[in-house]
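Single-letter residue listing:
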Amino acid sequence: MRLEERMVSFRLVAPAQSLRARVLEAVLRERRERRRWRWTWAVAVVVVAVAIPVNLSIKMPDIVADQSRTSLEAWPGELREYVRSPIIVAAGSPRRTPRTLEELR
Amino acid sequence: MEAWDLEALFDAWAPRLLAYMMTMTRDRSKAEDALQNLFVKLVAVKAEPQHLDVYLFRAARNEALRISRRRPERSLADLEVLVGHGGSLGALELADAIDQLPSDQQDVVLLHVFEGITFRETAEVLGIPPDTAASRFRYALERLRGLLEP
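These protein sequence lines are chains A and B, in that order.
44 is the number of the first residue of the first sequence in this note's numbering; add one for each residue after it.
919 is the number of the first residue of the second sequence in this note's numbering; add one for each residue after it.
Take the hints with a grain of salt, since some may be wrong.
One side of the interface only, derived from the structure: several residues of chain A facing chain B at Cβ under 8 angstroms [stated by the list, open to error]: (1) 44; (2) 49; (3) 50; (4) 51; (5) 54; (6) 58; (7) 59; (8) 63; (9) 65; (10) 66; (11) 77; (12) 91.
Examples of chain B residues toward chain A, derived with CB under 10 angstroms [said to hold, decoys possible]: (13) 936; (14) 939; (15) 940; (16) 950; (17) 955; (18) 973; (19) 974; (20) 998; (21) 1000; (22) 1001; (23) 1005; (24) 1012; (25) 1014; (26) 1027; (27) 1057; (28) 1059.
Derived from the structure by calculation, the hints contain no laboratory data.
Every residue gets a Cβ at the ideal spot worked out from N, C-alpha and C, and that includes glycine.
Hey, can you work out the whole structure from these sequences and the hints?
Below you can see the structure in the form of structure tokens.
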């Protein structure tokens, strides 16, 4: 029998059964991870394609202007007058009307 | 959407791939890691390749080389991956003779003789022209004859 003929009756084999659970567990983990990534990307695409344009298209109210107006209106009349007065009036003293510029000169 | 049945693929191919990876790494634990990495990477492959054996051996070779370059200090006979009977020729004797071949000739012998794939497929796995694979085999055979048929 020639050497080639004798050689082909040999095979390369190593027992791998002990590895089966470990390898297939790693495969399952990878599949789960890939599925999770797919969902993450899907959500990201939805946000970019839908949520952001919709959000930008909604007309935003003028929050700053509204806030300043409401806060001014919320001041009591007494306080408004006090703030406008150039003279600081002590508590309990008779109220004085603000002087005009001519009077001050 | 995974097209492969990796469990069936493992049952059918793992013993051969592990043995081949062991000849590359000369270390069982490294070959086991390489085999696990290979199967994890197969998850990303959508459909079964046309030439499955060529694809798997090429992927196995790349993964084994990535994990560990060949370590010639550990002999092929120590790995006990070569099984069979060739008349008076024993597995240990044959493994020792193959160990004395240059690594490029060993690659061709391991794939063409023991894995039973053609020269063209062997060349594809190794990334060399088919004629080169054939001539490496011829040189390897001459050398083996000298060692095993004095």
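- Query: Which numbered conditions among the earlier hints are violated in the structure presented, ordered from lowest to highest?
  - Reply: Of the numbered hints, 12, 18, 19, 25, 27 do not hold.
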